[in-house]
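Student: Listed below, chain by chain, are the residues.
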Amino acid sequence: MEAILRPLPQHCPGSWIAVWAAITLALPSKEASYPSLSAKHRKILRPLRSSATSGCLAFRNNAKTEMEIKKRKNIYETGFICPDLPGHLNPMSSLALQLRARNHEVVFTLFVRCACRATVCSWSREGSHQRKPTRNEQKAGEDALQFSVRTLLTQTEAILKSLPAIVEANGIDALIIDTVQFYAELGAMQLGYAICARCKLQCTWTTLATLHFACMAGLMRQLLPLWPETEKVSQSGLTVLSKRQRRHQGTCREHRTKNRLERSLLHSFPLASNYPSAPSFRL
Amino acid sequence: MKVLIGPPSSTTPVHSTMVKGRDKCGFPWERLTGEPLVYASMGTILNGQVDVFRTIVAAVAKNKNLQLVLSIGDQIDPKRIGPAPSNAIIVKRAPQLELLKRATVCITHAGLNTVLESLAQGVPQLAIPITYDQPGVAARIAHKKTGVVTSLDKSTADHLASLLNEVLTDPTYRENARKLQKAIAEANGLSVAADLIEESLGVSRKISAAAA
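One line per chain: the protein sequences are E and P, in this order.
If you count by the working numbering, then the first sequence holds residues 1 to 283, one letter each, in order.
If you count by the working numbering, then the second sequence holds residues 284 to 495, one letter each, in order.
The hints are simulated quantities; they were obtained by calculation from the structure and are not laboratory data.
We treat Cβ as the ideally placed atom computed from N, Cα and C, and that holds for glycine.
So, partial list: chain P residues that the calculated Cβ filter (under 10 Å) puts toward chain E:
{"hint": "1", "residue": "N396"}
{"hint": "2", "residue": "S483"}
{"hint": "3", "residue": "V486"}
Build the full structure now, drawing on both the sequences and the hints.
Tutor: So, in structure tokens, the structure goes:
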């Protein structure tokens, strides 16, 4: 695993611009291979976006009283943002344990649609509001793309809206964000937090955005107008990102990105927002 | 700042508790025959394609001296893969770490978590990368010769069976996997990761140790 510790610059709006512009620029130059969003699809996606139902819940170790916490020194509250998937939750919980062993407080925030309570260590998990997961394995091509974008939009919106309250309520000092939920960085940026990204390989945020958004970029570009508050910053950030992209053009390997895109569309149903929650477990 | 720390699920002191913390999933241990075990998993997100699993099952079925444990995830019904051959155990979820300890080869989508857990047990891999960072991870498997890599497009039963045979018969792959196993164990990645986080938060290690 490779960790990238990247303290955010104080000027957060710049980061916003960069990320959102990266989304729009992640699209390979030739867009012919991507389906454009029709008016019909806009009508479908607009109400879906406005009725975002992603649940955002933070959980913390409940054994400590406020007085006990105050007595401690050098104890920090670390928030983990992670999908409720074993392959992601397992290493994150392992790292959380290590921090717990050093007397830090750890809070897990699982951004999943199922309004379920997850628990790591002494967190309790309650599945009282779980929804029946939707079967999505049949999705491919544009259906998969739309599903991914809908998921991404609802999750991102939910993160932006709810993360400040979660952070405030739990007194979180730093956020550790799983690779696959890289868009949660936007929430951290919004708060001006330092980010410790659990990152695979030598991915900077730009390449992360390229890899993960590659399968969504065509649609995302079309969707941005639906998000007036981001459209403006995205447009103004295009110039900056264009320069950056030109600088890295020699290493872009567009054809490989395109192949990955096609594979994503053909062989996966990415970012399953209704993924069933894992059963409870204790460390 | 960028620091290589290795997998967080390495054989560090916390490792045993990490195993305890995982989902408890039932597994028919009594069905393991003691024959060389091939563990196969295509991850938790990109596991919706039945054909890939069918190909893996068909490939391992060609060698009756092997036993396959195939973890397919929650997305598809095991029945859709078709009748399982006698040497295959198909489950939705599997205790991956425990199985990797017994495995001879790991068939993987080259997801970093599975690959690192496999290497942490010194198990060579047959990688079928699909997307995201998986081609990059697979390229490193090929470069370090801890396994073999093929593409999804070329993944026929015959081709996979041939690659599987190559990994099984050439000791180089296991030797290299064990070298990395040693390196992972020595890296103590979990502790280093926690150090980095504390450092970024401004925690003094001396003070932190005293507080503990």
